[in-house]
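K.L.:
Given next are the chains, with one letter for each unit.
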Amino acid sequence: GAGVSQSPSNKVTEKGKDVELRCDPISGHTALYWYRQSLGQGLEFLIYFQGNSAPDKSGLPSDRFSAERTGGSVSTLTIQRTQQEDSAVYLCASSRDSLANYGYTFGSGTRLTVV
Amino acid sequence: GQQLNQSPQSMFIQEGEDVSMNCTSSSIFNTWLWYKQDPGEGPVLLIALYKAGELTSNGRLTAQFGITRKDSFLNISASIPSDVGIYFCAGREGAQKLVFGQGTRLTINP
Chain A
1 GAGVSQSPSN
11 KVTEKGKDVE
21 LRCDPISGHT
31 ALYWYRQSLG
41 QGLEFLIYFQ
51 GNSAPDKSGL
61 PSDRFSAERT
71 GGSVSTLTIQ
81 RTQQEDSAVY
91 LCASSRDSLA
101 NYGYTFGSGT
111 RLTVV
Chain B
1 GQQLNQSPQS
11 MFIQEGEDVS
21 MNCTSSSIFN
31 TWLWYKQDPG
41 EGPVLLIALY
51 KAGELTSNGR
61 LTAQFGITRK
71 DSFLNISASI
81 PSDVGIYFCA
91 GREGAQKLVF
101 GQGTRLTINP
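Protein sequence lines correspond, in order, to chains A and B.
Position 58 (the first sequence) corresponds to 58 in this note's numbering; numbering is contiguous.
Position 67 (the second sequence) corresponds to 67 in this note's numbering; numbering is contiguous.
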């Protein structure tokens with residue numbers, strides 16, 4: 001597509017439930033990133049996929065968080081047994097390659113609220 | 001890991017004033033980028049810098065890649081209401097992923 005598409009745009013879930021957030025990157029972009037932005041805060045790196053390489057999971061805050069990228073395109077971020085501190089905006093970005101000479105293109109994010 | 005210190009954290013200015021914000025790093029970067037985030041949206045790239053000492057303008061925006069490769073600044077001249085938002089710096093070393101600053105929240109009083 002023309003831009004990075006994320007769904008849903010908003011998600012309200014009960015504490016303890018699992019959620020799945022979807023990211024559809026720009027066609028042809030081989031690198032995909034997930035970031036978390038808590039209220040009024042900066043961008044916290046979560047996970048990075050580059051082509052067929054093993055993902056960089058160094059930013060995942062706990063084992064309740066996981067992500068996969070199928071067929072080198074769409075990615076799903078899964079949060080199991082959600083907690084209130086998981087409430088944040090989850091941003092996905094993609095870039096043409098790992099060098100990202102033109103920076104990342106971000107989606108509009110999924111606003112997750114855990115009640 | 002690498003850390004970026006972005007300042008100020010927030011700014012409250014009058015319309016028409018000039019704005020300056022900067023980022024410093026403990027590491028050397030070979031790319032500096034500046035993003036703007038509007039409410040409810042993802043960050044959008046404003047300016048990209050690839051060479052130490054480079055000074056680049058984009059309309060009323062001017063950004064510089066510091067000579068030491070450890071800092072960058074962004075200036076906005078003659079601010080207007082649509083400049084409101086959060087500005088992020090980002091840096092990259094080699095083929096590593098971008099590292100982002102904590103953001104500068106700009107508020108403009110008409």
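Some hints here could point you the wrong way.
Calculated pairs, SDA-like style, for lysine to any residue (alpha carbon to alpha carbon, straight line, at most 25 Å) [stated by the list, open to error]: (1) LYS57/A / ILE28/B; (2) LYS70/B / ASP97/A; (3) LYS57/A / ASN5/B.
Computed from the model, here is a short list of chain A residues facing chain B with C-beta under 10 Å [as the list claims (entries may be wrong)]: (4) ALA2; (5) GLY28; (6) THR30; (7) ALA31; (8) TYR33; (9) GLY40; (10) ASP56; (11) PHE65; (12) THR105.
Hints listed in this document are in silico derivations from the structure and should not be mistaken for laboratory results.
We put the CB at the ideal spot given by N, CA and C, even for glycine.
K.L.:
Can you list which hints this structure breaks, lowest number first?
P.N.:
Per hint list: 4, 5, 6, 11 violated.
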